[in-house]
Amino acid sequence: MKNSHLWRKTKSALASAASFVCALLVIAPLALVFLHLLRSGASAVNWSFFTELPKPVGVAGGGMVNAIAGSFELLGLAALVGVPVGVFGGVYLAEYGTVRGNWLLRFVADVLNGVPSIIWGVVVYGLVVLRFKSFSAYAGGLALGFIMIPLIMRTTEEVLLLVPAGYREASLALGISRWKTIVHIVMKTAIKGIVTAILLALARVAGETAPLLFTAFGNRFWNHDLSEPIAALPLQIFSYAISPYDDWHRQAWAGALVLVVMIFFVNILVRFLTRERVARVL
Amino acid sequence: MESAAIIDPPMITPVSSPQQQVASGSEPTAAAPERPPAFEVERLSIFYGEKKAIENVTLTIPSKMITAIIGPSGCGKSTLLRSLNRMHELVPQTRIEGKVVFAGEDIYAPHIDPVVVRRRIGMVFQKSNPFPTMSIAENVLVGLKLNGVRDRAFLRERLEQSLRMAALWDEVKNDLHKPGISLSGGQQQRLCIARAIAVEPEVLLMDEPASALDPIATAKIEELIHELSSNYTVVIVTHNMQQAGRCSDYTAFLYLGRLIEFAATTKIFTNPSERQTEDYITGRFG
Amino acid sequence: MPIAVAPERPAVRSTIDRMAPPSGLGDKVFKWFTLAMALAVVALVFLVGWQLARGSSLAIHRFGFHFLATSTWDPVAEQFGALPFIYGTAVSSLIALIIAVPLSIATAVYLTELAPLWIRQPIVSLIEMLAAIPSVILGLWGIFVMIPWLRDHPFPFLKKIFGWTPFFSGPIYGVSMLAGGIIIAVMILPIITSVSREILRSVPNLQREAAYALGATRWEVTRIAVLSYAKKGLFGAVILGLGRALGETMAVTMVIGNTPQIRASLFAPGYTLASVIANEFTEATTDVYLQALFEIGLVLFGITILANLLAQLLLKTMGSTIKSGAVQ
Ligand SMILES: Nc1ncnc2c1ncn2[C@@H]1O[C@H](COP(=O)(O)OP(=O)(O)O)[C@@H](O)[C@H]1O
Ligand SMILES: [Mg+2]
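Residue numbers (our numbering), protein chains in the order written: chain G, 1 to 282; chain B, 1 to 286; chain Y, 1 to 328.
It should be emphasised that the hints constitute simulated quantities derived from the structure, not laboratory data. Among these hints, one or two may not hold up.
Chain B is faced by these chain Y residues, among others (derived, beta-carbon under 7 Å) [unchecked claim]:
(1) ILE16
(2) ARG18
(3) PRO22
If you want the ones that stay clear, here's a sample from chain G, every Cβ over 10 Å from chain Y, calculated [stated by the list, open to error]:
(4) ASN46
(5) LYS133
(6) ILE191
We put the beta carbon where it would ideally sit given N, CA and C, even for glycine.
I would like the entire structure built from these sequences, with the hints used as guidance.
As structure tokens, this is what we get:
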């Protein structure tokens with residue numbers, strides 16, 4: 001009896017140890033990738049990386065300023081599509097609709113969220129690039145915007161549902177109409193959460209490459225017209241990574257480091273924002 | 001779309017003060033109070049899905065007086081109160097039968113806009129809920145501003161007036177731009193009262209407005225309610241019998257969704273007609 | 001009772017008259033507007049299906065079901081069969097699941113049941129950071145760090161031990177189906193872990209307490225009370241991970257070798273549905289070629305939608321509120 005108890009205790013301890021090792025293995029890739037990013041990227045990040053255009057093949061040096069700018073332009077275009085649709089769709093899910101209908105809409109949004117990002121590239125290619133016979137910043141922005149929609153919609157819904165029902169009731173009891181209650185009371189109370197939702201979605205699509213391959217397409221020069229191809233940081237990283245030149249590989253690492261730092265920065269910022277929001281709701 | 005109908009203005013008739021009336025020892029019945037009524041509730045039943053929370057309630061709530069609704073927890077006090085300004089219908093899957101006549105018109109008639117009803121019949125909730133993003137002043141004025149009142153002088157005037165009526169002005173007049181949620185619990189509740197009266201409703205519905213407060217804050221709120229009754233019809237839900245006895249003119253006793261007795265407060269507390277009322281008052285149950 | 005001395009009440013109507021008369025119009029417009037926005041997700045599903053079907057209608061007519069069953073992919077001869085890509089997608093995803101599922105679920109168990117409280121949040125944050133690393137950067141790391149290491153150490157070792165089976169035979173290039181599966185595993189670890197964790201957290205404490213009351217150890221509580229209760233949801237988490245694995249593009253493209261062939265050996269290069277689109281879409285010079293790639297997209301869309309439908313059904317019917325959007 002004693003013995004079996006001891007054995008059971010040992011088994012429990014073993015299980016704890018084994019699962020701890022698994023947890024370490026799960027975060028190991030993060031550590032490995034980040035270490036290599038720092039080692040190979042930090043030496044290649046310099047002033048000209050942020051200020052110069054890519055140099056022609058065979059010429060060392062140059063930078064990715066056009067790709068960095070292009071990424072921000074694409075994110076801006078994506079936000080134009082993803083933010084209004086996502087935020088107000090989330091408002092509908094949180095404030096209107098029937099239980100069943102909203103269950104279905106949520107279901108569809110979650111399924112949509114699982115559509116591979118490369119598919120969005122193909123769809124927008126058919127929708128925009130073929131029609132206008134040109135790769136363009138618009139096409140790239142649209143593809144990223146589509147990806148943002150279900151992400152923002154679901155998180156917006158969640159943060160709106162965190163707003164206590166008492167505020168809605170208090171507002172309606174003042175004879176304020178439903179829509180003004182939603183916009184001026186509910187959304188205003190949840191504004192940090194909504195901004196968080198938007199930032200998270202932007203951070204998520206900022207690293208997307210597949211949907212841009214045949215929409216934004218990439219560009220070694222400045223883009224002066226949004227209906228023309230445009231460079232993007234992830235695209236540039238990809239094309240440099242699979243190139244045969246060492247100097248380009250170095251630049252790919254530099255680009256990767258910059259991209260990851262930006263994405264992590266947003267994620268940490270968001271955690272900060274949410275912590276404060278949760279603290280205030282409580 | 002049909003335009004939203006505005007309910008007729010209420011009759012404003014000079015009446016004797018409630019104190020005189022109660023002191024005179026008259027014992028008005030549920031059917032015939034001595035003043036023009038604020039509400040006439042007729043055969044009202046309220047359902048949550050299949051569940052009947054209020055069953056066939058008929059009562060007449062007098063205007064410019066304080067009517068208390070008492071009863072054990074879960075008997076339907078809040079449900080009845082919320083049906084008086086159509087807040088009840090915000091709960092999904094609820095249904096109502098019967099009539100609630102306010103100022104001569106059934107507020108559930110199809111052409112009545114609930115927004116108008118709520119502008120005229122304000123509400124204060126159990127849990128104080130100043131809007132967390134707004135300052136004290138913004139909280140008081142939000143009902144006016146969001147309803148399109150732009151006149152700055154008028155807004156300033158309403159701000160001071162409402163806060164004075166809510167007995168809060170002296171405490172906050174130098175902090176009007178501080179967040180509403182920076183106030184203490186009792187102050188927050190008075191801020192909510194100020195917010196409700198800023199839109200100048202004719203009725204104030206209060207759902208256990210002091211139940212979350214300490215005795216001193218409670219006393220303040222009770223005093224305030226008493227003062228408000230000279231201008232407003234007040235309907236207050238409470239599960240605290242002493243509170244009902246202290247600050248109401250009429251009392252309705254609800255039990256299991258039914259109206260057991262409705263009479264002048266003095267009568268309910270000294271000489272109830274119903275056995276169940278007596279049992280409840282004397283603490284034999286509930 | 002103190003007698004109230006209230007000032008003369010201002011005319012009753014003055015304030016309400018200053019307000020804008022209520023109009024139901026704003027409410028109606030706003031509600032319909034938000035409904036339209038919410039319906040966008042439904043419209044998008046149809047838009048994707050319609051675009052892919054339209055873009056591949058010629059190929060569908062020309063090749064029929066043959067497309068899914070033949071293994072020749074020869075753009076020059078205009079011979080298009082998707083079988084190597086279907087095979088590659090299936091095998092690489094399977095490898096990924098074999099690696100990622102035990103690791104993620106064990107981690108989720110550790111984080112909800114076994115770990116000391118102070119260590120939980122830091123690990124969760126690290127896993128969220130891993131989820132935030134873009135696919136293309138993982139691919140970059142795959143090309144320059146993971147592949148050389150795999151080629152020099154684990155692969156020869158595997159070959160020495162299991163070389164007698166067809167799965168670990170043949171020449172080692174580095175880029176391979178196995179490398180593709182490993183990189184996909186890294187990509188889906190965070191999502192399976194975090195969804196599993198949500199599911200385990202949704203197991204009512206009553207379950208655990210009942211088992212503890214019987215004198216069970218921590219691990220026994222986990223195994224008997226928690227895991228068996230959460231089985232369905234965990235399966236949902238795995239299928240969700242499968243959905244992501246099937247569509248994973250950039251990192252795989254960079255390490256799998258991109259060769260349309262069907263080989264038993266996991267050391268041999270392969271190709272997936274997603275990576276053939278990524279690689280060849282801009283090179284597709286003829287209509288049929290482009291159409292065939294659209295059809296590949298249609299196939300990929302079909303299978304990922306099925307996987308996600310199943311996953312969401314499993315997750316939603318187990319009554320927990322899972323936000324699959326929270327993690328990539
Ligand atoms: N939203 C609701 N859905 C279903 N039933 C409800 C809801 N709110 C209240 N009830 C039920 O209606 C009855 C009356 O509730 P309520 O009016 O809140 O009582 P009181 O305010 O007197 O405590 C209770 O039995 C309660 O369970
Ligand atoms: Mg109540």
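Structure-based check of all given hints:
1. ILE16: 6 Å, holds
2. ARG18: With Cβ-Cβ at 5 Å, under 7 Å, it holds.
3. PRO22: Hint holds; PRO22/Y Cβ to chain B Cβ min 4 Å, cut 7 Å.
4. ASN46: 19 Å, holds
5. LYS133: Its Cβ never comes within 10 Å of chain Y, the nearest being 14 Å, so this holds.
6. ILE191: 17 Å, holds
Consistency note: the structure conflicts with none of the earlier hints.
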